[in-house]
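Trainee: What follows is the residue order along each chain.
2 protein chains.
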Amino acid sequence: MPYAQYFNGQIFPNDADLLKTNDLGLLRGYGMFDYFRTYNGVPFRWDDYWTRFANSARSLHMAPPLTQDETADILADLYKRSGEAEVAFRFVLTGGYAADSVTVTQPNFLIRCEPLPKDNPTSLREGIKVLPYDYVRDLPEIKTTNYLHMILQAGEMKAQGAADLLFHKGGEISELTRSNVFLFKGDALITPDRNVLNGITRRAFLELAAPHFDVQVRPVLFDELINADECFTTSTTKWAVPIVQVGEHTIADGHPGKRTVFLRELFLKVVEEWGS
Amino acid sequence: MPYAQYFNGQIFPNDADLLKTNDLGLLRGYGMFDYFRTYNGVPFRWDDYWTRFANSARSLHMAPPLTQDETADILADLYKRSGEAEVAFRFVLTGGYAADSVTVTQPNFLIRCEPLPKDNPTSLREGIKVLPYDYVRDLPEIKTTNYLHMILQAGEMKAQGAADLLFHKGGEISELTRSNVFLFKGDALITPDRNVLNGITRRAFLELAAPHFDVQVRPVLFDELINADECFTTSTTKWAVPIVQVGEHTIADGHPGKRTVFLRELFLKVVEEWGS
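Residue numbers (my numbering), protein chains in the order written: chain A, 20 to 295; chain B, 20 to 295.
It is possible that part of the hints are untrue.
If chains are identical, the list can't say which one is meant, so a pair holds when it fits in one copy or spans any two.
What the hints assert, rightly or not - Below, in silico cross-link-like pairs of lysine-lysine (DSBU-like), each with a Cα-Cα straight-line distance of 30 Å or less:
#1 K39 to K177
#2 K99 to K177
#3 K99 to K204
#4 K39 to K99
No wet-lab data here; the hints were simulated from the structure.
Build out the structure end to end from the sequences listed, making use of the hints.
Mentor: Following this line, the structure appears as structure tokens:
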């Protein structure tokens, strides 16, 4: 078994028939997750991801059933079994099995080791189109498993040649379905401060940008976005992908901006040297 | 195996390790369900439940992988295996297994045959307290698996001696976490028309009430509720449970109302004769 998963104390192949069907994550959407990757075989910003995961769990009145160190040992084991140079890890913590389909007793804790998604060099080089979507995530600060709208709109995105949705509500933007959003107006780098997931890659970019730009973390209007000089989105797997089209609105000249490319180069240097 | 479940073409014991962990219901909350019960061994209003289930599935761009007749045969099989006089059935349809944790290819279809929840005669006799909760369900007309708030608030409900949450938003009430809400003002029977699940038991009560009361299906204000003469909630398993307390507000004299009891008696007659 190359890619393997940890579930409640044991290791299984990733395609094992594993979960009983009265799990509260399945039946009631009572679950949260996290997702991160290795660089040079070392989990990127593991302390940050662990802290976020544990905080999200606590917000749902659950606790990870392992310590950070115990979990790190499992990651090392799963990484070794994969035989791959780089992998992704997906944590899932649900309310566990419930005889009455309501009451949390013992959470289920799953760690899947997965292949990295394929790079999309065209997105990086040419940028992506996103569709504005009137929505704000419920409990945005918690990484729950509720991604229904993303999947519901998959057909519409494909039909319109869009790579993702951009959530906005009451004239204010928040985030994409699985990634944060930034814009440049001149040398001001601006990203929303509310109704967003506290992205670890977002944090890394804010740190890298601080010495070079006027960083502003604050409410951001949809109108600011469509009048930006540059726009991009950050995530664990995407780094910084330029956004060049928002629905019918073209951002600036419709090409990736030079400040975005500059920041991505800084990030690239960090991950190339990660773990050394 | 007394209680058994159908999953993608086969029958398994209810506690089987069954589901692979890349199911989109588990990972992304992309799933919907339905739940109904037998009276005299015959599924109650099966055509209505099936129609609602199939409509909900279509709203999520999925289709039940079986016809209504094929499904009815499975229900009969599961009922027989249970050896019980009365059972409940839970349908769950998810986006299925996804290698990329995003793309729906082949939905997973699960039918669990379950014991009925225990009756709660105290609730019926004395009525229940509910907590007002500022929330409106996302896609309320679809019976998705998103019940996160219900479970999140379980501790608070317990602490306050409440049996459920009453959702309200902008001064308007919608529903409880898993059941519809009605109120009486004099001989007017009033229930919200929007932001609610189209409950089958709700429909049955509306039909039973029509010859006797002035039935009004329309937006309902929170203020109307707390000034009602009677209030009750309907669901598959609860029939009509009186609501006598909404947070700090006592409904009328704090006792179940006579019209509520009258309607419940009518419903009781229907289910006693069901299937004959």
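Trainee: Work down the list of hints and note, for each, if the structure agrees.
Mentor: Outcome of the hint check:
| no. | hint | verdict |
| --- | --- | --- |
| 1 | K39 to K177 | between (34 Å within a copy, 27 Å between copies) |
| 2 | K99 to K177 | neither (37 Å within a copy, 46 Å between copies) |
| 3 | K99 to K204 | neither (45 Å within a copy, 68 Å between copies) |
| 4 | K39 to K99 | both (28 Å within a copy, 22 Å between copies) |
In the structure shown, a violation is registered for the earlier hints numbered 2, 3, in ascending order.
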